[in-house]
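These are the residues of each chain, in order.
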Amino acid sequence: MARKDKGVDRRKFMAGAAITGAATAIPAGMAARAQTAAQQPTAAFVRRPSTAAAEAEMAGQVDPSPGTLGGPPGSDFMVDVLKSLDFDYVFSNPASSCRGIHESLVNYGGNKKPEFITCMHEESAVAMTHGYYKVAGKPAAALCHGTVGLQHAAMAAYNAWCDRAASFIMVGNRADAATREPGVPTIHAVQDPGSLIRDFTKWDDNPQSLQHFAESAVRAYKIAMTPPHEPVLMVVEEKLQENPIEKGAKPLVIPKLNMVAPPAGDPNAVRAAAQLLAMADNPVIVADRVARTPAGIKHLIELAEALNAPVIDQLGRMNMPNRHPLYQLGGALIPQADVILGLELTDFWGTVNKMDDSFAGEQRLRIKPGTKLISIGVGDLYIRANYQDFERYQPVDISIGADAEATLPMLTEYVRQAIPADRRAMIAARGEKAKKSFAAARERVMAAAAQNAWDASPVSSARLSAELWNQISNENWALVSRDSSLSNWPHRLWEVREHHQFIGGPGGAGIGYGLPAAVGASFAHKQAGGRLCVNIQNDGDSMSAPGALWTAAHHRVPMLTVMWNNRAYHQEIMHVQRMANWRQRDVSTAHIGTTIWDPYVNYAKVAEGLGHVGIGPITDPKELGAALKRGIEAVKMGEPTLIDVVCQPR
Amino acid sequence: MRRVIFVAAAAVTFGAASAFAAAPAPQGDATKGKANFERVGCWECHGHQGQGGNAGVRIADPVPLAWPAFLAWVRTTSGDMPPFTEKVLPNQDLVDIFAYLQSVPKAPDYRTIPLLALQVGR
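Each protein sequence line maps, in turn, to chains B and V.
In terms of my numbering, the first sequence opens at residue 225 and continues consecutively.
In terms of my numbering, the second sequence opens at residue 71 and continues consecutively.
Among the hints, erroneous ones may be present.
[To be verified] Restricting the straight-line Cα-Cα distance to at most 30 Å, the calculated cross-link-like pairs of lysine-lysine (DSS-like) are:
{"hint": "1", "chain 1": "V", "residue 1": "K102", "chain 2": "B", "residue 2": "K846"}
{"hint": "2", "chain 1": "B", "residue 1": "K846", "chain 2": "V", "residue 2": "K176"}
{"hint": "3", "chain 1": "B", "residue 1": "K471", "chain 2": "B", "residue 2": "K307"}
[Unchecked claim] Calculated from the model, a selection of chain B residues having no Cβ within reach of chain V, i.e. all distances over 10 Å:
{"hint": "4", "residue": "E615"}
{"hint": "5", "residue": "D646"}
{"hint": "6", "residue": "A814"}
{"hint": "7", "residue": "D822"}
{"hint": "8", "residue": "V825"}
{"hint": "9", "residue": "E847"}
Simulated from the structure, these hints should not be mistaken for laboratory data.
Heads up, the beta-carbon is just placed ideally off N, CA and C, and yes, glycines get one too.
Next comes chain B alone, as it looks inside the complex (with noise of 0.2 Å):
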């Protein structure tokens, strides 16, 4: 069947369109790539492959007359905006909404700056700009086929929405109904693409002219990094991508991005809270994602030390360094504190009470009557009312909405001038006990690492996590994962001083974010150079969609994941089993339905057939010295490898 387009003629439309027009308006590089793009002989008009078009084909009615575009598509000006918003690199499964700009990308933009990433899956691709954001700090695009490709992404995109993480996604899609083929792309189509995402999307826009998709674009990325960073989402429309730039139209212009300066905190309600946290005998401060950038981690440091306050590090990204003296993992604080300080806390409620998970539900509140409690984040400045990440919630008597990172510095100095003078040496003897405690607490750690099964087959988590620190601790190192499943051992045994060294989890806690979160952060990495990616990848997480391992491979990105494979859904177990005990009934079938037993998964035969250099399955703590070694020489060599641990549960 011949594509015809109703209403417009257009081939017409086509022929009639040149590119003189918006190279006036366009930066002077890209309208010099644009003009030499339309220097070129035209191309032949590529029929989209339908089941109606090989019907066609079958029975020799083929039109036989293909169009011509007779200028540069629109999808080539589009490319000039990606262009000129410096993104590196567009994630992407390839899709038939999205051909226009893929082929604009690949050679009118040479497939650099940015380059297309190819990914077998769109859920990853997006899950990839989301690690690659939180090493990188600055967005990534995805692209994602109209529909199908989107719902797809949909469960990436709300883990970078729970996690603050900034995600320029694009969409393809034909709104037309008139120029649409039947069939399939037809199918593909949605009157609005937006919604699917929107409830978890910071912004979207369907533009309808390369105007409107500049002035789009920029707004978006411009929304995506202001506090709190989130995902947006830019239709390109078909018609705009392939149909050539209007001749005579005004001049095409990309309107300058300019960033909007984090909003810090009102003075008056900072220097209340520095007030009470001057005033305090016990000051906790708690960390969620504080530091947006490195400077977050200095700024948090100052004020720990200008009180000798403990942090509690939730991890949701690199906070603080975890030798600094005051630095803490877990709650065992809370019920001392009067003054608790939270700074850009997903779930006070959550740090504060105590629900058990038992049938009876027994909620408590952990902190002791007077307590005070200040909330410092952007998390009261947005919010959506359908889905539930904004947690329980929790009365404060100070909150602040505001970006913490950019408040610190303000309420730092505020808290020197609150201090009396006779207060400071009993913040000064806080702090050498917290030195002597600190020191006293590391050696705990090592004995109970020590009596975390060290001998064990299957291999525990901090025989795992020491042999790791053991062959990283002097190299470039950056962990692009989250390592609560291992029971924070890594947080426990390493030190973890940078802030590119450690990203935090993916947000939402929805499974397969840990493989593509880690290939994205691992692009990050190389671009910054020399880094040694390490990915303590949970198995059930990894078979959501390993064809990420193959983007790494194929895109040269060296990283070393090794498999903690408990072999289950492990968490799955423990909740089948409560299940079966409230109940009182067989409490031996929990593993029916959780386990990935009967075959194992032979995960280094998988990454092998991946492009990996694949080693083991490791049973035995005493080989995992030397498969490690191994392994990471072949990562130096430029060899993304898995090695295959069999682990503990926890």
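For chain B, the structure is supplied; the task is to place chain V on it using the hints.
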């Protein structure tokens, strides 16, 4: 899948139950106990050697409760750890589990493990 389970209150429970610590432990079969430990799912939160983790406290090396308190705790706990009634875990099976946990060898001193000893003071 999405919810993280934390068992933090068990240590407190151990402490409260220690008043029962005087009675002698019954004879158990550690080999059977290890099988029971795996079968009824103790390992899921506490690890295959009872070493503990962020989902369950350490319950071996040493076993933190004497037998009567251990029995009472397993039967009546009402926090994050679900109670195991006699219907799902008969007394003798629990006795054998107790024997298994007692048989878990003592961990080496961390100062004899170079990977850990080198960490202190760094």
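| Unsatisfied constraints (hint numbers, rising) | Of the numbered hints, just 6 does not hold.
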